[in-house]
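With the hints as constraints, model all of the structure from the sequences given.
From first to last, the protein sequence lines are chains A and B. Mind the numbering: the first sequence is residues 1 to 129 in the numbering used here, read in order. Mind the numbering: the second sequence is residues 1 to 786 in the numbering used here, read in order.
If you're looking for bench data, these hints aren't it; they were derived computationally from the structure. Glycine included, each C-beta is placed from N, C-alpha and C at the ideal position. Just so you know, not all the hints are guaranteed correct.
[What the hints assert, rightly or not] Derived lysine-lysine pairs resembling DSS-like cross-links, with alpha carbons at most 30 Å apart:
{"no.": "1", "chain 1": "B", "residue 1": "K628", "chain 2": "B", "residue 2": "K651"}
{"no.": "2", "chain 1": "B", "residue 1": "K651", "chain 2": "A", "residue 2": "K84"}
{"no.": "3", "chain 1": "A", "residue 1": "K126", "chain 2": "B", "residue 2": "K651"}
{"no.": "4", "chain 1": "A", "residue 1": "K4", "chain 2": "B", "residue 2": "K424"}
{"no.": "5", "chain 1": "B", "residue 1": "K187", "chain 2": "A", "residue 2": "K51"}
[What the hints assert, rightly or not] Computed far set for chain B versus chain A, every beta-carbon distance over 10 Å:
{"no.": "6", "residue": "K142"}
{"no.": "7", "residue": "F388"}
{"no.": "8", "residue": "I399"}
{"no.": "9", "residue": "T407"}
{"no.": "10", "residue": "M420"}
{"no.": "11", "residue": "G475"}
{"no.": "12", "residue": "Y500"}
[Stated by the list, open to error] Covered stretches of chain A, as calculated for chain B (at least 3 residues, CB under 8 Å):
{"no.": "13", "segment": "23-31"}
{"no.": "14", "segment": "65-76"}
{"no.": "15", "segment": "79-87"}
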Amino acid sequence: MKAKIIVGVVVVAVGIVLGAVNFIESNVEYMDFAAAQRANKKAQVKGTWVKDQATSFDPEKVQFSFFMKDDADRTVKVVLQGAKPNNFEIAESVVAKGRFSGEEFHATEVLTKCPSKYEGDAEAVKKSL
Amino acid sequence: MLIGHIGAVIVKIAFLSALAAAFLYYRVHREQSNRLLGFARTSYHLAAMSFMTSATIFLYLILTHRFQYTYVWNHSSTDLPLPLLISTFYAGQEGSFTLWALYAAVIGVFLMHYSSRKDYEPEVMSIYSLVLSFLFLMLVVKNPFTLIWESFPNDLLRNGPIPPGLTNYVMIDEAKGVWAQYPVEGKGLNALLQNYWMVIHPQILFIGFSSMTVPYAHAVAGLMKRDYNSWIRVATPWSVFGAMVLGTGIILGGYWAYETLGWGGFWGWDPVENSSLIPWLLCVASIHTTLTQRKSGAFVKTNFVLSLLTFITVLYSTFLTRSGVLGDTSVHSFVDPGMWVYWLLLGFIALFATIGFGLLFIRMKEMPKIPVEHSLLSREFALFLGAFALSFVALFVVIGTSSPIITSILKGKASAVEMMYYVKTNLPLGIAITFLSGLGQLLWWQHSKAGTILKSMAVPTGLALATTFLVLLMGSEEFLILLFTFCSAFSLFANLQVGYGVFMGNPKFVGGSIAHIGIAVMCLGFVTSERYDDKATVSLERDKSVEALGYQLTYVGYKALDRDRYAFNIEVAKGDVRRTVAPSMHFTEQSTLRHPDLVNFINKDFYVSPVSVEQPSKGEEQSLTLQKGGVAAVGNLKITFVDFDFNNFEKGAMLEGRNFVINVKLEVAEDGRKKPLTVQMRNDGAGNEFVPATYLAGDGSSYEFNLVRMMPDRDERSRSKVEITVALPVDVLTKQKGETLVIEASVKPMINLVWIGTVALVVGFCLTILRRGSEARLKSSSSVEE
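Spelled out as structure tokens, the structure:
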């Protein structure tokens, strides 16, 4: 009986520690470009796509790059490992997840935040009359 | 009165009848007499029948394209083929709740007959009807029959005379002259959902979700009746049925993601996937712990807790994915359904958790205390640990999926966990679970002798070591992955060994072994296909063969599947084997959807995901500023700015702020041949839009003309200027480069193991349902098996 309780307690303790450590580690922090560059670790940066600067796609390396302005108004070139994200053109804001490499922000993922559906729907309903 | 109004009223009737059924059944339970039983049954049947009627009306509106209804307009269109049109029924929030409630209502009819034979009807059905009434309440609040002018009053409601010839309108208030115009075409089904998986997958998932209510209802019924043992026997066939259906749904969803959505793998730890995995894990855990209670009477409370939690997590998962609380942190887009749904769902969780756990707390003291008699080396203990590990997986997945909520409370900013979280936390548990699912089968109830176990473990261990060695030959891997491989293989062989023995004794009892074999084979498939896969990004220039991952790949051109969907044909060759894959891309207004394609070999999949298609780059652009009558040369073209074309009608329109158009007339001369060309500026009130014009030269190359700026001179019209750009045809060099398709190719070894394992799992579940079903039919006086 005693052995079972010890086994149980150890298993639960290990489980909780494992879960907590991983949870904290895998929750990438939000910061602006300046902080992300200082911290030199994986970060999430929220901002907007700077439309009047060129975007490009490199089919050899499969990299999509664009310029992004963060909330502190700093513009940085973001290089995404992958193709252009969905809804990129119509996104109100974007969140890039990655880390700095020199002056470029190398993103592994770019999430797009789209305008509220209701506004889009009101437009769409007028079109389909 | 519109037919939709009738539908909405019937939903309300269904809600009230279900509530009445819950109350009447509860009275039957309290009075311990059948005085009200007939009324209770009638109420339930009325609720179920009304709801089926309203669902039929809903389907009718979809099939007849009634775009007067917001839901129909929002999710369907006239060009959808029939199966997809039917599937728009559950493409949106209101519709999927309707489908869930519909299945729950139908399952309830069977449950009523089942539980009346088991002497459980009043309690089970009162709880079940209460759950059902809450599902109906969701649809009273979030009415699927909302009219489109109620959703968009500012855009659709009109006042005054109806323009002649208009047919798509409804008179709303004759006296005040208020009428509404409604759309003649719907927005259509989300492109991501337009495939055959959409027809079958949600159906299975919702049958699974609906049946998860049944173990909850039985657990509460057991507590109400102070029957702490035999409820298990009654509930088990349903739990196993729910686990089988939901499990099938989850795996089909995985296959959908793999084969059509192009997530690269079959599992992305996405909230929507997780939301069905969590209740499934708890349900499976409860199936295991109830087994112990059947044998020894232990785990009475654990079984209540797990059965209650199975349903509570269904509600919690629904809350996560349906309330908009996860926001933008997932690839799935969660439409914000409004605060009502948010609070209702939270209310559900609170209510059903309070009923279940409150009653459990009250009854706790009087529950029989069964002394734990089994040793560490007993099947009971292995089952307990296994169920414990399964619950821990469920807990980790709950925490991970809730990360946006947790982080927004703790840090004020919602963020999702990365996929690695799930892998890292669940891998050790997966190792434990697979090992226990093998060991548990080798152990005896109560106690086993160490020597006997070691002897029976010898063969499976040896074979598992050999398998691990074979896997190791494919390449080195992390220790934990190899351990997982070993444990999965151990479980496979241990269950084969035990299953063979059981099959020789009583084939009816072999379900458990087969299900475990299925899980073990799936786990081996996960390791080989996800850990030993090979990936490469390849640029395929048209008609040029490229070698990648040992295959010769040639992109041979694309084919339009419809207006904005293209299939890209790629020839895949290796030795004598020659196949064609056709991944496709769907270019919608907002985004590009990429659908993979694959070649399924016996021992691997060759999987191709399109990334982008690069057209030959446009030629250089030349910018010109021309005065009226002036000529400029571009290549061997001579371009003249003739005049603006801006007549009085358009001027009037501009002054009144209506839409207007200004044309700029040009003349293009090539080798003395002159051709007029017009570029245009349109103003639609919101802004200017320039319409380009294309000039086709004598050699077949095309020049694109675009307007940049107009500089009219009011005093001296001949001094007016325009600025235009001319895009030159692509030069010979880039033309030769041709279009290039970029793909991501991967080889996934032994992925068929995942699908084979799935089939075994389902077969195992089916056999178990048959066995437990016939057990539940035998009315045994003793609630504990001998």
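Quick rundown of the hints versus the structure:
{"no.": "1", "hint": "B:K628 - B:K651", "result": "holds (20 Å)"}
{"no.": "2", "hint": "B:K651 - A:K84", "result": "violated (42 Å)"}
{"no.": "3", "hint": "A:K126 - B:K651", "result": "holds (26 Å)"}
{"no.": "4", "hint": "A:K4 - B:K424", "result": "holds (26 Å)"}
{"no.": "5", "hint": "B:K187 - A:K51", "result": "holds (28 Å)"}
{"no.": "6", "hint": "K142", "result": "holds (15 Å)"}
{"no.": "7", "hint": "F388", "result": "violated (7 Å)"}
{"no.": "8", "hint": "I399", "result": "violated (6 Å)"}
{"no.": "9", "hint": "T407", "result": "violated (6 Å)"}
{"no.": "10", "hint": "M420", "result": "violated (5 Å)"}
{"no.": "11", "hint": "G475", "result": "holds (23 Å)"}
{"no.": "12", "hint": "Y500", "result": "holds (31 Å)"}
{"no.": "13", "hint": "23-31", "result": "holds (count 7)"}
{"no.": "14", "hint": "65-76", "result": "violated (count 0)"}
{"no.": "15", "hint": "79-87", "result": "holds (count 5)"}
This entry does not satisfy hints 2, 7, 8, 9, 10, 14, going by the numbered hints stated previously.
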